[in-house]
Amino acid sequence: MTTIAELPPGFADKVLSAQSTFRSVMDAMARPGSVQRIVPMAGKPDTMMRGTAAIALTLFDHDTPLWLDARMAESSDVVKWLKFHTGAPVVQDSSIASFALISDGGALPPLERFALGTSEYPDRSTTLILQVDSLDAGRSFELRGPGIDGAAMLQVSVKPFDLFERLQVNEALFPRGIDVVLVADDAVVAIPRTTRIVSKGS
Numbered sequence: 443m444t445t446i447a448e449l450p451p452g453f454a455d456k457v458l459s460a461q462s463t464f465r466s467v468m469d470a471m472a473r474p475g476s477v478q479r480i481v482p483m484a485g486k487p488d489t490m491m492r493g494t495a496a497i498a499l500t501l502f503d504h505d506t507p508l509w510l511d512a513r514m515a516e517s518s519d520v521v522k523w524l525k526f527h528t529g530a531p532v533v534q535d536s537s538i539a540s541f542a543l544i545s546d547g548g549a550l551p552p553l554e555r556f557a558l559g560t561s562e563y564p565d566r567s568t569t570l571i572l573q574v575d576s577l578d579a580g581r582s583f584e585l586r587g588p589g590i591d592g593a594a595m596l597q598v599s600v601k602p603f604d605l606f607e608r609l610q611v612n613e614a615l616f617p618r619g620i621d622v623v624l625v626a627d628d629a630v631v632a633i634p635r636t637t638r639i640v641s642k643g644s
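Just so you know, we're using the numbering used here here: the sequence shown kicks off at 443 and counts up by one.
Mixed in with the good hints, there may be bad ones.
Calculated cross-link-like contacts (lysine to aspartate or glutamate; reagent style EDC-like; alpha-carbon spacing at most 20 Å) [to be verified]:
#  : residue 1 : residue 2
1  : Lys642    : Asp575
2  : Lys642    : Asp627
3  : Lys525    : Asp535
4  : Lys525    : Asp578
5  : Lys525    : Glu448
6  : Lys522    : Glu584
7  : Lys525    : Glu554
8  : Lys525    : Glu562
9  : Lys642    : Asp591
10 : Lys642    : Asp604
11 : Lys601    : Glu562
12 : Lys642    : Asp578
13 : Lys456    : Asp535
14 : Lys601    : Glu584
15 : Lys456    : Asp503
16 : Lys522    : Asp488
17 : Lys601    : Asp578
18 : Lys522    : Asp505
19 : Lys601    : Asp591
20 : Lys456    : Asp628
21 : Lys642    : Asp628
22 : Lys525    : Asp488
23 : Lys642    : Glu584
24 : Lys601    : Asp519
25 : Lys601    : Asp565
26 : Lys601    : Glu554
No lab work stands behind these hints: they were computed from the structure.
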């Protein structure tokens with residue numbers, strides 16, 4: 443059993459680190475497909491990447507219901523660490539989650555199981571934070587949409603392999619839909635619901 447004293451620490455400098463991480467995430471959202479670095483280092487549970495831990499410490503609080511995939515949920519260290527550092531309630535029902543932490547993309551549930559927002563409150567949707575193997579190798583995708591000058595190219599090694607095909611549902615749902623943040627160690631890329639994705643093959 444891990445005691446509170448043995449939990450990995452959060453940010454050393456809470457305010458500055460949270461501001462810096464928030465800026466990185468906002469820059470990623472404003473410029474879809476661009477790789478942003480998360481500089482502040484935080485302690486983290488084993489199943490969680492450094493970028494994921496920093497985002498959790500920055501964006502999660504007791505008002506943000508959180509859904510964990512099986513690999514995250516099975517780690518008592520992850521659950522304790524999140525509870526201690528963020529106070530975010532972990533929910534079993536993915537359709538009411540503000541955020542979903544996904545460490546095993548291969549087991550990602552259908553997107554319809556998450557909150558897709560409503561016409562009146564499209565922002566009441568789930569943001570997926572998906573850990574991936576790489577954001578500078580793998581399949582190439584062309585991204586178009588707000589915040590992108592013409593087109594942006596993104597190389598990513600991601601599971602599920604059909605993630606971007608699945609995200610095409612956003613086009614039909616707009617203004618509702620799912621926003622995705624991809625994390626590879628300390629690098630992050632955002633794919634907001636307004637972004638359109640074309641696969642360029644392997």
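Tested hints:
Proposed proximity of Lys642 and Asp575 is supported: the alpha carbons are some 19 Å apart, at most 20 Å. For the given pair, Lys642 sits about 24 Å from Asp627 by alpha-carbon distance, which is inconsistent with the 20 Å threshold. With a CA separation close to 17 Å, the supplied pair Lys525 and Asp535 stays within the 20 Å bound. For the hint linking Lys525 to Asp578, the alpha-carbon distance of about 32 Å lies beyond 20 Å, and the restraint is violated.
As the CA atoms of Lys525 and Glu448 are separated by approximately 14 Å, the hinted pair is consistent with the 20 Å bound. Taken as a hint, the Lys522 and Glu584 pair is broken in the structure, with Cα atoms around 39 Å apart against an allowance of 20 Å. At roughly 27 Å between alpha-carbon atoms, Lys525 and Glu554 are farther apart than 20 Å, so this suggested pair is violated. Only pairs whose Cα atoms come within 20 Å are accepted, and Lys525 paired with Glu562 is rejected, the gap being roughly 31 Å.
For the suggested pair Lys642 and Asp591, the alpha carbons sit about 18 Å apart, so the restraint of at most 20 Å is met. A threshold of 20 Å between alpha carbons decides the hint, and for Lys642 with Asp604 the separation of about 13 Å falls inside it, so the pair holds. A hinted pair counts as satisfied when its Cα atoms are at most 20 Å apart, and Lys601 with Glu562 does not qualify at roughly 32 Å. At roughly 15 Å between alpha-carbon atoms, Lys642 and Asp578 fall within 20 Å of each other, so this suggested pair holds.
Distance check on the hinted pair: Lys456 and Asp535 sit about 30 Å apart at the alpha-carbon level, beyond 20 Å; violated. Under the criterion of a C-alpha separation no larger than 20 Å, the hint pairing Lys601 with Glu584 is consistent with the structure, at around 18 Å. With a CA separation close to 14 Å, the supplied pair Lys456 and Asp503 stays within the 20 Å bound. For the suggested pair Lys522 and Asp488, the alpha carbons sit about 12 Å apart, so the restraint of at most 20 Å is met.
Pair hint Lys601 plus Asp578 holds up; C-alpha atoms about 15 Å apart against a cutoff of 20 Å. A hinted pair counts as satisfied when its Cα atoms are at most 20 Å apart, and Lys522 with Asp505 qualifies at roughly 17 Å. For the proposed pair Lys601 and Asp591, the alpha carbon gap of about 27 Å is over 20 Å, so the pair is violated. Distance hint between Lys456 and Asp628 is fulfilled; the C-alpha atoms sit about 17 Å from each other, no more than 20 Å.
Between the alpha carbons of Lys642 and Asp628 the distance comes to roughly 25 Å, so the proposed pair goes past 20 Å and is violated. A threshold of 20 Å between alpha carbons decides the hint, and for Lys525 with Asp488 the separation of about 16 Å falls inside it, so the pair holds. Taken as a hint, the Lys642 and Glu584 pair is honoured in the structure, with Cα atoms around 7 Å apart against an allowance of 20 Å. For the hint pairing Lys601 with Asp519, the CA-to-CA distance comes to about 24 Å; that exceeds 20 Å, so the pair is violated.
The straight-line distance between the Cα atoms of Lys601 and Asp565 is roughly 25 Å, outside the 20 Å bound, and the hint therefore fails. With a C-alpha separation of about 17 Å, the suggested pairing of Lys601 with Glu554 holds against the 20 Å cut-off.
This entry does not satisfy hints 2, 4, 6, 7, 8, 11, 13, 19, 21, 24 and 25, going by the numbered hints stated previously.
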